[in-house]
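**Student:** As you go down the protein sequences, you meet chains A and B in turn. When we follow this note's numbering, the leftmost residue of the first sequence carries the number 103, and every step to the right adds one. When we follow this note's numbering, the leftmost residue of the second sequence carries the number 141, and every step to the right adds one.
No lab work stands behind these hints: they were computed from the structure. It is possible that part of the hints are untrue.
Claimed, not checked - Subject to a maximum C-alpha distance of 20 Å in a straight line, what follows is the list of computed EDC-like cross-link-like pairs (lysine to aspartate or glutamate): (1) Lys293/B to Glu251/B; (2) Lys177/B to Glu327/A; (3) Lys337/A to Glu251/B; (4) Lys644/A to Glu298/A; (5) Lys182/B to Glu111/A; (6) Lys477/A to Glu413/A; (7) Lys221/B to Glu327/A; (8) Lys177/B to Glu228/B; (9) Lys456/A to Asp394/A; (10) Lys481/A to Glu537/A; (11) Lys372/A to Glu445/A; (12) Lys293/B to Glu111/A; (13) Lys383/A to Glu298/A; (14) Lys566/A to Glu595/A.
Said to hold, decoys possible - Which chain B residues face chain A? A few, computed with CB under 7 Å, are given here: (15) Ile239; (16) Gln243; (17) Ser249; (18) Thr253; (19) Leu270.
Bear in mind the structure is a predicted one, so any value in this text is a computation, not a measurement. For each residue, glycine too, the CB sits at the ideal point set by N, CA and C.
Chain by chain, the residues run as shown.
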Amino acid sequence: MTGTLLRKELRQHWIGLLAVLAVGLMSNLLIVAASMARSNAESPFEGLRLFTILIGMIGALVLNHRLVVVEYQARTQLFLEALPVSRWRMVTVKYFLGLAVILFLEGMALVIACLLAARHGDLTIRFATIVGARSFSTVWLVYSFCFLMGLTGRYRLALYLTLLLTGMLLIERKAVGISGFGPVVLLDARFGYEREVVPWAALEITWLLILLFSLLAAVLSLIREGSIAALLAEKMSHREKVLVAASICGLLFAAATLSEKVKKEPFDLKHASVAEEQGVKVKVASGQGEDDPVSSRLASHVAKELTAMREYLGIKELPPVFIVRRRDLDADRYDRGELVRSEGIHVQANFTSKEWQDESFIAWLVPEVLAIASKGRVKHESQRWVLDGFGLFWVGRDHLESALTQDHVLALRSLYGAQQGFAQADLHRWLSFRERVGESIASAMAWSGLKTLARRQGSDQCQKFLRAVLGARQSQDFRVLFKSNSWEHHLREQTKAAPESLVLQWQEELASARQSLAPELAKLPRVSGQVNYVPLSAETRKVKYRVVLNPAPASETRYSFLYQTLSVLDEESQPKDLQRDQNGYAQNAEAELPESYARGQRLRWTFALDVPTLRCQVISGYVREEIR
Amino acid sequence: MNVEPDKPAHCESQPANTDQDLASGQRPVVLRACGLKRVFGKVSAVDGLDLTVHAGEIYGFLGVNGAGKTTAIRILMGIIKCDEGTLELLGKTTRRTTIQQKQSIGYVSQEQTFYPWMTCRALGRFVGGLYPTWDAPEFDRLLRVLDLPPDRKVSQLSGGMRVKLALALALAPHPALLILDEPTSGLDPLARRQFLDIIQRETREHGHTTFFSSHIIDEIERVADRVGIIHRGRMQYEGSLESLRASVRRVDIVTDGETSATRESRPPILEPNNPAEPRTDARPQLMLEGLEILRDEARDGFRSLVLRGPSSAWQAVGGPGIHVQELSVEDIFVALVGKEAIVA
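Just need the whole structure built from these sequences, with the hints factored in.
**Tutor:** Encoded structure:
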C-alpha cells in the first residue's frame, strides 16, 4: 500500500523532484567552485553552510508545494480517502518522500564538502559528524516547518509573509535576539570550523522544534478526518483576499513607521559640550559641565574635522559622535561603547590627559565613523585596507603629495610591515595581513598606499577613488548584488589606473623610503616565538611559550604574550577579548600561562612588543591553532 | 413488512446472518448499521440511523438534499467516524470501517476528484495496487463496456465518462458491496439512463450487492429492490417498494364543509376504535388503530389524510364517506419526509 502511494507520488512529481535534485546539485557545484576560487583558506564546509541556508530553504518550499499544496488544492486527497488507504499513511508517505529527497540533496552536498576537506587533510569523523548533524537538523527543521505551512493552504503565503515581517521587525527592534536560538546557532560562523564541541543545546532545541512542527502537521492533516486541511486548501474568497492584503499592508506600514521612529531616536549625552555643523553633531562630556573648555575645544575640533571629511568624501550625513571622558584609559587608547537601541557612536577616551593627541584620536575616529555611516559596508575585506589607511591619510591631508619619509614614523611603520613581504594578494586578504603585522603597522601600510595613489595619480584622482570606496551610497535592494564593491573596480573606474600598477608604484615608493630609512629600520627589533602545549593529562594541556627578539635589546625590555581562546577560527577578534601575559625579556624569555587548557580548544596568540621608535606595538603575527 | 426502522437495541440483539435468518430463506446481511450518529457542531447530520442491506440486492437510499445520505455513506466508507452506533459489515462488527473492509467495498462518490494527469489505465493501475482482489482484465473489460478510452487523461473526460470510470474502478476488484453516492447528479438525462442501465446490468449479471443513494425517486423506483428513506438523519422507512406502496395510502373523508378553522370545535372524526363508547355522530368515522397519520389536510367538503400502517390495519378502513387511494412513491416520499411540518 505504501509502495503504491510512493509510486503514485513519484509518477506525479518526478519532474519536480528531479528539478529540485538537479538545481540542488548545480547550485552545490557552483557554490563549491566559487568557494575554491575565492580562497583556499576558507573551510570547505562554508559552502555547505550557504547551500544549507539557500537550497535547504528553497528545496523545502518547492517540495512541500508539490507534495502537499498541489494535492490539497486539487482536492485529490478526497479520492485517496475513498480508497482503502489510511489518511495517516497518505500524509506520512508525502512527508518522508520529501524529507528523503531534501536530505539526499544535503547528504550529497555534505559528501562533496567532506571530499574537499579530506584533500586538505583536516577532516575527522567527529568533525564530519558534527557538520552533518548541524546541516541535516536544520534542513529537517525547515522542511517540517514548510510541510506544516503547506497544510495551512490558502493562508500559507500570508503566514510566511507575516512571520517574515514580524521576525524582521522584532530583530530590528532587538526585542528578540536570534543569535542564540538553536537552529541559528547550528548555522552560525562555527559551522565549518567547530571540530570538537557538539552543539547539544542547539541540536536539542532544533530536534524539539522538528518534533513540534511534525506533530502539528500530523494534527492539522488528521484532525476532524482531514476536513480542516481540506477547508484551508480551498481558494480564498474575494473578501478574504482583501482582508489578508489589507492586514499585510497594515503590518508593513506599522513596521515601516516603527522602524522610522527607531531611527529618529538618537542617543543623548547630558551635560555635554555640543558642536554642530551641517550633517555632523559632536557631544563631549568631561563631567565638568557643558562649559568645560577642554570638552568644548575637542567637540569643536572633532566637528570641524568630521565636517571636512564629510565634504571631502561627499557624504550627506554622519552619525552623531558622543565622547565621554574615561580617566583610567591611556591617552592613546580609545574605547567604543555599544549603542544598541540608538544611532550614533559612543567613544570613551581620556582626552584630558597631558599626552592626549588630537591627530591620533581623529585618525582612530574617522574609520569608526565611516564604518557606522556605511552600515559596515566599508569594513568588507575587499576594500578594508582603504578604510584602515584613511584615518592616517586624513590627518596628514595637508601634505598629500609629499614623500613618505616626510611622515617619518609612519614611513618606518610601513617599511617595517613590508619587510616580511607585501603583494597585491595581501590587499585581498587584508584581515589576514592585519593579523600578521598588527593593526598599527597595517594601518601605516595602507596609509602608504593611499599616499602613493595621491602622489602618482594626483589628489583629485585620489579623492574620486576615496569617494567611490568610502563615501558612495550603496543601493539598499537587490541591485547591490550586481555591483562590484572591490577597490580594484573603483580604482579602474575612477582613476583609469590599473591596480597592478598602483601596487608596483606603491612598492617603488616603499623602496625609495627604505633607502633613506634603512639604518633605522635595521635597528628595529623583530619579534618571533613559539608555543608548546605540554600535556598535564590526557585531556589537559599547559601552554608554554618562548619569545625571541632580534636584534636582542640592549636594555631591559618587556614584551607581552597576547592570547585568547577561540570559539571559531575564522572571525575577526576584538582587542578587548585579548588577555595579556607580560614579562621582562632578559629574565623570562620563556614562560608559561597560569591556566591550563583542554585539548581541542583553540588558541589565538602572538608576541607583542612596544617599540618607541615606531610609537606603536609590533607583533610576531597572530597564530590560530588547536591545542593538541 | 418492515414499517418502523430498526432500533439500536434490536440491532444489538440480532446480529447479522443468524441461523434464523438463513433458515427462513432471507438473504445474508452484508451491511447493517445500528444507531449511527454524527454531529457537526450543533447540527445532527445523522441521528440514530439504522439500516440493513442484504446480499445481492440493490438498496435504494432515498432522501432529500441535506437528509444525511452522504454523511451516512462517508461513515460506512470509514472516511469519517460516527459519534455513536455500530456497523456490521461483511459479518464483522465495528465502530469504524477498517482498511481491510474497505478493500471489499467499491465506491462511487458524488464528486469525482481523480488525478487529472492520470490516464484511465494508469488510474486503474494505481487503484489496483490498493485492492488485493483487483482484476485487471475485468477493469479492461469494464473500460470497453463503458466505452472509456484507456489512454485518455482524466482531465480530458466528460462528467459522464468520469462517473463511468469511477464505476469501473469500483467494480474491478469484485467488491462484496458497491456503494454509489448520488452518482448521477450532474449527468444529463441520457447519460443518467445509460448509467442506470449499466448498474442494473452489472449488478444483476455479477450479483453485486449495491447501495444506491439518490434523491431522485424515479431512479430508485427503477433500480432498487428495497429502499431506505432517510430524513433529518433518521430512517423513515426501510423495506420493499411494494410494501411501501401498500402501507401508505391517502384517505379522503367527506366532512360536510369542515375546514381547518372549525375542525377543533367539532366532534372528532378520527379516533381509536373504542367499542365501549360507540359514536352516535352520523358523520363518517375512521378507526385509527395501527395507523399513523403522515399528512392531514382539510379541503372543501372533505378531509384528506395520508396514513401509514400494516396491511391488517388497512382492512378496517372504509365505509360510507371514506375513500382510500393508493399513492405514487413520490407522493409517499413527500408525505414521509414532510410529516413533521404538516401533522399538527
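**Student:** If a hint holds in the structure, say so; if it doesn't, say that too.
**Tutor:** Going through the hints against the structure:
1. Lys293/B to Glu251/B: holds, 17 Å
2. Lys177/B to Glu327/A: Holds, at roughly 16 Å.
3. Lys337/A to Glu251/B: With Cα atoms ~18 Å apart, Lys337/A and Glu251/B stay inside 20 Å; holds.
4. Lys644/A to Glu298/A: holds, 19 Å
5. Lys182/B to Glu111/A: Judged against 20 Å, a Cα distance of about 38 Å means the pair is violated.
6. Lys477/A to Glu413/A: holds, 19 Å
7. Lys221/B to Glu327/A: Roughly 8 Å between the alpha carbons, so the hint for Lys221/B and Glu327/A holds.
8. Lys177/B to Glu228/B: Measuring from Cα to Cα gives roughly 15 Å; hence the hint holds.
9. Lys456/A to Asp394/A: Holds, at about 16 Å.
10. Lys481/A to Glu537/A: holds, 15 Å
11. Lys372/A to Glu445/A: With Cα atoms ~16 Å apart, Lys372/A and Glu445/A stay inside 20 Å; holds.
12. Lys293/B to Glu111/A: Satisfied, since the Cα-Cα distance of roughly 17 Å is no more than 20 Å.
13. Lys383/A to Glu298/A: violated, 48 Å
14. Lys566/A to Glu595/A: Given pair Lys566/A, Glu595/A holds - Cα atoms ~10 Å apart, limit 20 Å.
15. Ile239: Holds, about 5 Å.
16. Gln243: holds, 5 Å
17. Ser249: holds, 6 Å
18. Thr253: Holds. Min distance 5 Å.
19. Leu270: holds, 5 Å
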